[in-house]
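There are 2 protein chains.
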Amino acid sequence: MEDGRVFEEGVSRRTLIKTAIGVGGLAAVTGGGFGFLSRAEASSGISKNWPWPYVKLDPEKTGELAYNEWYRLFCGGAVVSSIFSQLAETVGEPYKSFPVDAFIFLEGGTSGWGTICGSNAGANMVTNLIIGPRIAGSKDGMLMGSEVMQWYCDASMPVYTPKNPKIKSELPKTVSNSPLCHVSVGKWMQAAGKALSSPERKDRCARVTASVAYHVAELLNQWKDGQYETKGEIPGMLYGINAQLNCTECHGSNIPEPPKTKN
Amino acid sequence: MEDGRVFEEGVSRRTLIKTAIGVGGLAAVTGGGFGFLSRAEASSGISKNWPWPYVKLDPEKTGELAYNEWYRLFCGGAVVSSIFSQLAETVGEPYKSFPVDAFIFLEGGTSGWGTICGSNAGANMVTNLIIGPRIAGSKDGMLMGSEVMQWYCDASMPVYTPKNPKIKSELPKTVSNSPLCHVSVGKWMQAAGKALSSPERKDRCARVTASVAYHVAELLNQWKDGQYETKGEIPGMLYGINAQLNCTECHGSNIPEPPKTKN
Chain X
484 MEDGRVFEEG
494 VSRRTLIKTA
504 IGVGGLAAVT
514 GGGFGFLSRA
524 EASSGISKNW
534 PWPYVKLDPE
544 KTGELAYNEW
554 YRLFCGGAVV
564 SSIFSQLAET
574 VGEPYKSFPV
584 DAFIFLEGGT
594 SGWGTICGSN
604 AGANMVTNLI
614 IGPRIAGSKD
624 GMLMGSEVMQ
634 WYCDASMPVY
644 TPKNPKIKSE
654 LPKTVSNSPL
664 CHVSVGKWMQ
674 AAGKALSSPE
684 RKDRCARVTA
694 SVAYHVAELL
704 NQWKDGQYET
714 KGEIPGMLYG
724 INAQLNCTEC
734 HGSNIPEPPK
744 TKN
Chain P
484 MEDGRVFEEG
494 VSRRTLIKTA
504 IGVGGLAAVT
514 GGGFGFLSRA
524 EASSGISKNW
534 PWPYVKLDPE
544 KTGELAYNEW
554 YRLFCGGAVV
564 SSIFSQLAET
574 VGEPYKSFPV
584 DAFIFLEGGT
594 SGWGTICGSN
604 AGANMVTNLI
614 IGPRIAGSKD
624 GMLMGSEVMQ
634 WYCDASMPVY
644 TPKNPKIKSE
654 LPKTVSNSPL
664 CHVSVGKWMQ
674 AAGKALSSPE
684 RKDRCARVTA
694 SVAYHVAELL
704 NQWKDGQYET
714 KGEIPGMLYG
724 INAQLNCTEC
734 HGSNIPEPPK
744 TKN
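Protein chains in written order, with our numbering: chain X, 484 to 746; chain P, 484 to 746.
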């Protein structure tokens with residue numbers, strides 16, 4: 484990492500990760516330079532019990548709930564709500580009491596600032612609240628959240644088409660190569676020629692939210708069956724800086740003119 | 484906005500905001516193109532009561548708690564914990580039951596991805612959980628969260644110096660001009676010549692966390708006294724895309740080579 488090679492696109496991300504981690508060595512890495520504490524150091528003072536009870540969900544139903552809930556709670560809140568509302572019915576607490584509506588602020592990349600796409604933030608909330616924080620014994624919650632973010636970066640979005648979409652015509656699909664709202668929405672707006680305030684952009688984001696919720700349900704179901712093997716990584720551990728894993732996406736000539744679409 | 488002028492640094496942000504909003508017109512704007520629902524549309528289905536009970540906090544004590552808690556829960560969790568742990572003592576529920584440890588995942592810009600600095604994410608959580616989501620009657624929670632983010636962008640960080648810092652020497656201060664972990668930490672690492680894994684970088688982030696928690700306590704105290712007048716804006720409403728308010732910070736020639744500091 485010292486020679487800066489990791490910042491070159493020519494180097495395979497997977498190769499780098501395998502080199503850095505080694506087979507079965509993730510635990511060693513995650514205990515390293517990023518500031519992670521050992522389980523023994525951190526276990527005191529934890530008053531909550533994890534994992535939270537989980538009953539397997541129908542991904543399709545979860546996607547539909549998230550799609551419709553977007554029009555009330557937007558991206559972050561809708562991902563959490565689509566999963567917690569079902570578990571509130573089948574399991575009850577602590578899902579019933581969880582103040583999901585407060586997380587409407589995740590919209591627009593947190594209060595409209597274009598940072599992390601709310602559906603990624605909501606996914607991380609769900610996986611970490613259900614599986615638990617890494618200091619409670621398992622890193623799978625954080626790693627699953629990270630896995631969803633990489634999947635989001637790579638996917639041709641929106642992946643999921645709702646049964647009764649508000650916009651009947653087909654929507655363009657774009658690959659964000661970034662977990663950020665600004666980049667993800669901006670690339671789609673440019674490809675579609677649609678404004679932020681357009682019904683098409685809104686429905687695109689509702690479908691992205693549904694796509695993420697669907698995938699989170701799939702992964703949680705695997706975890707419940709004891710079959711979850713994470714593809715998630717903690718980029719800060721690998722690159723010497725907290726970052727997405729494709730540096731030249733921003734550090735390069737790849738940054739477009741700001742879109743001129745009308746508000 | 485159609486001619487792209489808003490993306491030029493020469494245009495005053497304040498002027499733009501005043502032009503776009505008009506005096507007293509924020510409510511009209513926030514009901515506009517961003518997808519915001521009216522209160523009547525959204526009020527059904529809200530099972531929680533807001534605002535949550537709040538007792539004024541000592542900002543200094545809050546900063547100290549956040550600083551020390553960073554070494555257990557890192558940026559996002561520590562901001563929430565510093566405030567909720569005090570309110571759990573003075574008020575009790577719903578603070579006592581809140582699963583704050585799960586939010587350790589906000590570290591490193593969410594699972595090490597360098598997106599929103601966890602202290603900004605934690606600040607938004609606190610203001611929206613206490614004051615409530617905008618669909619519950621007040622936009623102040625979201626606007627206060629946004630105000631903290633702009634303050635974070637503009638501040639020479641870290642602002643707060645703890646009473647007994649782990650690093651005794653003075654730390655360099657930097658202005659992030661961004662709410663993102665990657666940019667904020669990256670600029671500091673470059674100025675300080677310190678790696679992500681260095682004790683100095685960790686203590687810098689602990690102090691940034693304390694700075695944000697201190698400021699959130701100040702703003703919440705104003706709000707409790709009925710004296711809070713927000714400086715927060717929802718950028719997505721003004722710029723036609725969810726974004727930070729200084730476009731040329733990224734859309735320009737301002738992006739450095741990736742830092743070569745060792746991991």
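Bear in mind the hints are in silico, worked out from the structure with no lab data behind them. Hints may be right or wrong, so weigh each one.
Any copy, or any two copies together, can satisfy a pair, since identical chains are not distinguished.
Here are the simulated DSSO-like pairs of lysine-lysine, each with C-alpha atoms no more than 30 Å apart in a straight line [what the hints assert, rightly or not]:
| # | residue 1 | residue 2 |
| --- | --- | --- |
| 1 | 677 | 579 |
| 2 | 707 | 677 |
| 3 | 579 | 531 |
| 4 | 707 | 544 |
| 5 | 579 | 670 |
| 6 | 531 | 656 |
| 7 | 579 | 646 |
| 8 | 622 | 670 |
| 9 | 539 | 670 |
| 10 | 579 | 707 |
Now for the hints, and whether the structure bears them out:
Taking CA atoms no more than 30 Å apart as the test, residue 677 paired with residue 579 passes in neither setting, with 38 Å inside one copy and 45 Å between copies. Taking the closest pair of Cα atoms, residue 707 and residue 677 never come within 30 Å of each other, the shortest separation being 40 Å inside a single copy and 42 Å across copies. For the homomeric pair residue 579 and residue 531, the shortest alpha-carbon distances inside one copy (16 Å) and between copies (10 Å) are both at most 30 Å. In the homo-oligomer, the alpha carbons of residue 707 and residue 544 lie at most 30 Å apart inside one protomer (18 Å), although the nearest pairing across protomers, at 42 Å, exceeds that limit.
Taking the shortest alpha-carbon separations for residue 579 and residue 670, neither the intra-copy value of 37 Å nor the inter-copy value of 42 Å comes in at or below 30 Å. For a Cα distance limit of 30 Å, the shortest separation of residue 531 from residue 656 qualifies neither inside one copy, at 41 Å, nor across copies, at 37 Å. With identical chains, the CA atoms of residue 579 and residue 646 are at most 30 Å apart within one copy only, with a shortest distance of 27 Å there and 41 Å across copies. Proximity of residue 622 to residue 670 under the C-alpha cut-off of 30 Å is restricted to the inter-copy arrangement: shortest distance 29 Å between copies versus 32 Å within a copy.
With identical chains, the CA atoms of residue 539 and residue 670 are never at most 30 Å apart, being 34 Å at best within one copy and 44 Å at best between copies. When the C-alpha separation of residue 579 and residue 707 is checked against a cutoff of 30 Å, the pair qualifies both within a copy, at 20 Å, and between copies, at 28 Å.
The structure is inconsistent with the numbered hints 1, 2, 5, 6 and 9, although it conforms to all the rest.
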